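J.: So the protein lines, in turn, are chains F and U.
1 is the number of the first residue of the first sequence in this note's numbering; add one for each residue after it.
1 is the number of the first residue of the second sequence in this note's numbering; add one for each residue after it.
Bear in mind the hints are in silico, worked out from the structure with no lab data behind them.
Here the structure is a predicted model, which means the values were calculated and not measured.
Note that CB positions come from ideal geometry on N, CA and C, so glycine has one too.
Between beta-carbon pairs, the in silico distance windows are:
no.	chain 1	residue 1	chain 2	residue 2	range
1	U	K536	F	K75	53 to 61 angstroms
2	U	A155	F	K405	48 to 56 angstroms
3	U	S311	F	R143	36 to 44 angstroms
4	F	A379	U	E139	19 to 27 angstroms
5	U	E139	F	K405	35 to 43 angstroms
6	U	D323	F	M136	22 to 30 angstroms
7	F	T132	U	H70	45 to 53 angstroms
8	U	E482	F	A155	35 to 43 angstroms
There are 2 protein chains.
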Amino acid sequence: MLDINVTVEVEETLSSLNDALTAGDVKAVAALFATDSYWRDLVAVSWNLKTVEGPAGVTDLLRSQLAHCHLRNFKIQDGEDPTWDGEVVTAWVTFETDTGRGWGLLRLKDGRIWTLLTALQELKGFEENRGTRRPMGAEHGARKNRRSWKELRDAETASLGYETQPYTVIIGGGQGGIALGARLRQLGVPAIVLDRHDRPGDQWRSRYKSLCLHDPIWYDHLPYIKFPDNWPVFTPKDKVGDWLEMYTKVMEINYWSRTEVRKADFDEETGTWTVEVDRDGEKVTLRPTQLVLATGMSGKPNMPTFPGMDSFKGTIQHSSQHDGPDAWTGKKVVVVGSNNSAHDICAALWEADADVTMVQRSSTHIVRSDTLMEIGLGALYSEEALANGVTTEKADMIFASLPYKIMHEFQIPLYDQMRERDAEFYAGLEKAGFQLDWGDDGSGLFLKYLRRGSGYYIDVGASQLIIDGEVKLVRGQVDHFEEDSVVLNDGTRLEADLVVMATGFGSMNGWAADLISQEVADRVGKVWGLGSDTTKDPGPWEGEQRNMWKPTQQENLWFHGGNLHQSRHYSLYLALQLKARLEGLETPVYGLQDVHHLS
Amino acid sequence: MLDINVTVEVEETLSSLNDALTAGDVKAVAALFATDSYWRDLVAVSWNLKTVEGPAGVTDLLRSQLAHCHLRNFKIQDGEDPTWDGEVVTAWVTFETDTGRGWGLLRLKDGRIWTLLTALQELKGFEENRGTRRPMGAEHGARKNRRSWKELRDAETASLGYETQPYTVIIGGGQGGIALGARLRQLGVPAIVLDRHDRPGDQWRSRYKSLCLHDPIWYDHLPYIKFPDNWPVFTPKDKVGDWLEMYTKVMEINYWSRTEVRKADFDEETGTWTVEVDRDGEKVTLRPTQLVLATGMSGKPNMPTFPGMDSFKGTIQHSSQHDGPDAWTGKKVVVVGSNNSAHDICAALWEADADVTMVQRSSTHIVRSDTLMEIGLGALYSEEALANGVTTEKADMIFASLPYKIMHEFQIPLYDQMRERDAEFYAGLEKAGFQLDWGDDGSGLFLKYLRRGSGYYIDVGASQLIIDGEVKLVRGQVDHFEEDSVVLNDGTRLEADLVVMATGFGSMNGWAADLISQEVADRVGKVWGLGSDTTKDPGPWEGEQRNMWKPTQQENLWFHGGNLHQSRHYSLYLALQLKARLEGLETPVYGLQDVHHLS
Chain F
1 MLDINVTVEV EETLSSLNDA LTAGDVKAVA ALFATDSYWR DLVAVSWNLK
51 TVEGPAGVTD LLRSQLAHCH LRNFKIQDGE DPTWDGEVVT AWVTFETDTG
101 RGWGLLRLKD GRIWTLLTAL QELKGFEENR GTRRPMGAEH GARKNRRSWK
151 ELRDAETASL GYETQPYTVI IGGGQGGIAL GARLRQLGVP AIVLDRHDRP
201 GDQWRSRYKS LCLHDPIWYD HLPYIKFPDN WPVFTPKDKV GDWLEMYTKV
251 MEINYWSRTE VRKADFDEET GTWTVEVDRD GEKVTLRPTQ LVLATGMSGK
301 PNMPTFPGMD SFKGTIQHSS QHDGPDAWTG KKVVVVGSNN SAHDICAALW
351 EADADVTMVQ RSSTHIVRSD TLMEIGLGAL YSEEALANGV TTEKADMIFA
401 SLPYKIMHEF QIPLYDQMRE RDAEFYAGLE KAGFQLDWGD DGSGLFLKYL
451 RRGSGYYIDV GASQLIIDGE VKLVRGQVDH FEEDSVVLND GTRLEADLVV
501 MATGFGSMNG WAADLISQEV ADRVGKVWGL GSDTTKDPGP WEGEQRNMWK
551 PTQQENLWFH GGNLHQSRHY SLYLALQLKA RLEGLETPVY GLQDVHHLS
Chain U
1 MLDINVTVEV EETLSSLNDA LTAGDVKAVA ALFATDSYWR DLVAVSWNLK
51 TVEGPAGVTD LLRSQLAHCH LRNFKIQDGE DPTWDGEVVT AWVTFETDTG
101 RGWGLLRLKD GRIWTLLTAL QELKGFEENR GTRRPMGAEH GARKNRRSWK
151 ELRDAETASL GYETQPYTVI IGGGQGGIAL GARLRQLGVP AIVLDRHDRP
201 GDQWRSRYKS LCLHDPIWYD HLPYIKFPDN WPVFTPKDKV GDWLEMYTKV
251 MEINYWSRTE VRKADFDEET GTWTVEVDRD GEKVTLRPTQ LVLATGMSGK
301 PNMPTFPGMD SFKGTIQHSS QHDGPDAWTG KKVVVVGSNN SAHDICAALW
351 EADADVTMVQ RSSTHIVRSD TLMEIGLGAL YSEEALANGV TTEKADMIFA
401 SLPYKIMHEF QIPLYDQMRE RDAEFYAGLE KAGFQLDWGD DGSGLFLKYL
451 RRGSGYYIDV GASQLIIDGE VKLVRGQVDH FEEDSVVLND GTRLEADLVV
501 MATGFGSMNG WAADLISQEV ADRVGKVWGL GSDTTKDPGP WEGEQRNMWK
551 PTQQENLWFH GGNLHQSRHY SLYLALQLKA RLEGLETPVY GLQDVHHLS
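Just chain F, same shape as in the assembly (with noise of 0.2 angstroms):
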């Protein structure tokens, strides 16, 4: 097909699609789609984080959305050109509806709509004060009394939490709270950022020693400061601490370190929170509108108990506890699980000439960092990509656009490449006894971290001291502890001076209920996961990730978090459902999702 074919035919099918949403034609617009067919919208028309199938999930959606949002005014993004790969077509395009503008991706095959992806960027008359808009700073003129930037800032600091009151409180001020902070700030938000460590990135800086981030630096940005192009490809937690440290101040966050949460309660009658805080020994009580649980994937540590652990001579630790090898040279430690932080800890642990024995529990999904990058991430997070024009926020866009139900039938083929690519390497793997995995249908690291959060690592080194016996391999389950060692259910018995409990973390449901009430946790139910039926992700199938950066069945609270490349795109979602509340605007929710699970 030609170019100029190409965009004639973007151009007609957009133009059946304005006309259809003018008329309030919601049939015409059904039948746009392909019998299977995504639309993934983000806030733009459902006020949620919604992805409906085929033409009567996009009826349904527009019955309940259309008259409130007049969703309009569909373009090809100036600038860019559709392409076709010989079958898709696909299509920047960029839209508007009563109360915003948005941003999004179009892909047609055979004629009809594939996948379109909505997602609103900006709220109409709330546009950020970034670029062409953004504030003089010094104001020209004088007038009496004028107060400066630094005595202003003084001023809200001081008075915030005290005199005034946020209308947003962030539990957790880790990338999450703190990439969501700066977009709450930018968008006029009173919000606080609430962390119980000594300085912001301290919940990196107190990670064990030898960890960097696994993933690689272009997927790693934070809204508005993208790091420099002299920052390694994996980040060091220490600087990793530093750049947090630094974004928070300069982006003016107002952050509370050394600041415990002890009890929230939301009044049904006032609509707004009481925030329970111990602010470095202050006892401080908060009321905002709005409470956002930005603790994170890794907050909340899970550790089992066996019988015999008091009486066993040694240190126990979890890994979040563990803060590197240095005591340990020379001794025995055996490290309970087999994904990333217990990979990591082993590989210092030898490094360190410790005596180093893993545990696997189950079988794990490895792949190797360098395969990850080229085949996994490469075509919208590299150089490469940069250097073809996919900015990260148009990587960002791309990846948000290919819908979860058929995101695994994109992924498998990727993770064959993988597997034949280091075939010789899964081969001494499973030579040395590792329990390999590549998810359950196959599709690898995304879809595992999307569905579950956990069952990998991403593999920068340990896994050859494993293949090589350098880091002794077990399988089974810990049985019991002696004074001395750890027995497992086989009867092993692993002396050991110190044990690493690598047995990961539990959900962010779990912190609603220590934070709140196991009422709330259980009104709003599962955190995370697809609904994929698969290992640790029931069914039924949700289509996005369960109550995440979206409405949830409790009203005004909120969950965040995720990776950085997570803490940057979706905190945009998130802060404008938050502003436009503040503001007052109309924001009717497309399908609040049930709750069938716990947690």
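Could you slot chain U onto chain F? The hints should help.
T.: Coordinates of chain U only, in the frame set by chain F:
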């Protein structure tokens, strides 16, 4: 001329240029240049910052340098089509030498080279680790006793200046020292930045409270990390301070705060400096090879003395000591001077209800900030420029490509426009008794800055206060102080509780005298100025800013400074010169400047 013809013309010129260069035919190269032409070279050919004029100048430069550097391979820059404005053809070019790769801008008039800028961008074999060359951060694989990023950084910090010596010491940690520190770190040149303040950024934080940058944001970026697009147009001083502090941290600059230099001596035999410093109470001796004075244009207060000062009962402050108006509400204040600081301080005092009188000692150039932004800077440094594809990097090069010799010809018409646009404003100032000037030749602000670094105010509101008589204005010279007043030479008596001496700053040469010796200061001579033979910039014509960012008559002594734009752009050329010397590359300097003035 058609676009295609423009390109052909440039290609033909470059082809002739390359042929002549490769043949070593200096005459043939010179013949390509117009009679009135300018070749500005930034380190690439001259290992100096040098503008040569006409075929004779080109001949002299190449006779000296061509055999060393083998300048060659001029090409139109990839993706950049030459343009024609009806008179001048402009083309972005790239080129190389034996040691480096460069970027430049070529202008042709009537088929000959009218202006040529050649700027070294990187040294072959010592390219910066950025983009595709960025470090990995996490090294894949495992090896015994590996140290983490933090351990390595801590070890470096503990050792540098004690067990190991920096190759370069930079005295002064404002934007100049910080920008150079960042570039040297990127280039792998061990360096320490010394600064007397408590924290990076205090150079700005400690100034008067109403201070904001007078240059707009697009002009102010540091290397590597640009200000985000929510940043104000005119950054308040404390916000500049916070940015510099975070930048120093994340760019991993070795920065010694609370450190004062007692003495620096050069040993001709060893070719190294001995720098005695007081680091927060600890005496440390540093032995760098290169010493950079980045003590700033506004580092060394000019504090004139007058009879009777001792018996004055009020307070006398230099403008750099004045921290704001808060203590002076209802008090009488005399501000001596009429440049930027004087105006800012007067306005802030008026805002705080002080009774303020400005003493104008000599004529001042005033332009309104809006007008300057639109007419003076807009084409290069603005949102509009960015939208037109003029990145900061391109703007810097275009700005650098206009030869100082003829820059006034470009500037005068702009300032004529400004005068016309704001005619009413200027009439008001004159009516109020304010003595205006536009530079000796009407060329306005930038040339005043380049020639003498003083004599102007970018109006952000204080002028209206003078027009309205809200800030009182008197003209004259201070003759003496009495117990309660300042007395001018015409006998005018100004009662004062506070006298702010906004009397400017001393030459950077004075720092060399203070820190090294008068002998070295005299050997180096005047720092700053072009030799334009205008007020405070005596001739002879030098063609570049004296002693800035280039070799001086004192071996291994360099000066760095200026506004944020200069700190950003010229730090590159200084850093490349230092790196070349560290690596032992041949760096034959063309046309080391003669000394005509001591300070």
